[in-house]
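Undergrad: Sequence:
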Amino acid sequence: MNKPSVGLAPEGAPIIGLLTVLTLFTAVLGWWPVTLVAFVLLWFSVHFFRDPERVVPQDRGIGVSPADGKVVRIESRVDPIDGETKTCISVFMNVFSVHVNRAPVHGTVTGIRYWPGKFLNAAWDKASTDNERCAWQMKDENGTEWTFVQIAGLIARRIVPHAEQGDELKRGQRFGMIRFGSRVDVYLPADYNPVVTIGEQVFAGQTVLAKKNDD
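Heads up, the final residue of the sequence shown is numbered 215 in the numbering used here, and it's a clean run with no missing numbers.
In short, the hints are calculated from the structure, not lab data.
Among these hints, one or two may not hold up.
Claimed, not checked - Capping the alpha-carbon separation at 30 Å, the derived lysine-lysine pairs in DSSO-like fashion look like this:
1) K70 <-> K211
2) K70 <-> K212
3) K86 <-> K170
Required output: the full structure, derived from the provided sequences and hints.
TA: Structure follows, in structure tokens:
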């Protein structure tokens with residue numbers, strides 16, 4: 001039996017360490033206004049870089065959310081990798097969301113494509129084409145192709161990948177993160193339908209976004 005835990009993403013270690021030292025140093029010197037600011041920033045950093053364990057559904061024919069946040073769009077869009085028009089589900093992460101991203105299905109990473117770009121509000125439609133983003137293509141255990149795209153937002157300044165092309169990922173396995181407010185788009189295969197609604201709160205690796213058609 002695995003014990004529940006709430007860890008921290010390794011990308012946060014340098015920031016958290018620096019702010020911890022700054023908080024303690026200014027407190028010893030009695031610089032209380034600076035100490036207060038440093039402590040608030042430390043609390044925010046620990047909260048932002050948290051990486052809780054998740055209960056990953058094991059049902060067949062499902063795709064889970066790759067990100068924590070709110071579903072802001074469900075619409076037809078052109079897949080940025082294969083050029084086909086597909087149903088796209090957009091999950092927006094605000095600065096208080098967990099920003100560690102997880103694979104929506106079990107499969108192999110067959111392609112990764114990165115675009116540098118702007119840092120518009122990730123909730124805006126233009127962010128899909130104008131912002132810094134990283135598209136991932138995976139082939140699941142049934143040979144079905146999935147595409148999901150990490151999109152940097154207004155505050156985010158870095159997409160951090162953990163996986164590489166050719167890697168096999170389990171459903172719900174961590175594959176990267178985006179620092180601060182951002183978005184992840186999931187392009188569904190033709191035989192999958194959304195099971196979430198706009199405005200719904202979802203959780204990476206845990207909330208089922210789509211299910212395969214029965215026929």
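Undergrad: Where does the structure disagree with the numbered hints, that is, which hint numbers, in rising order?
TA: none
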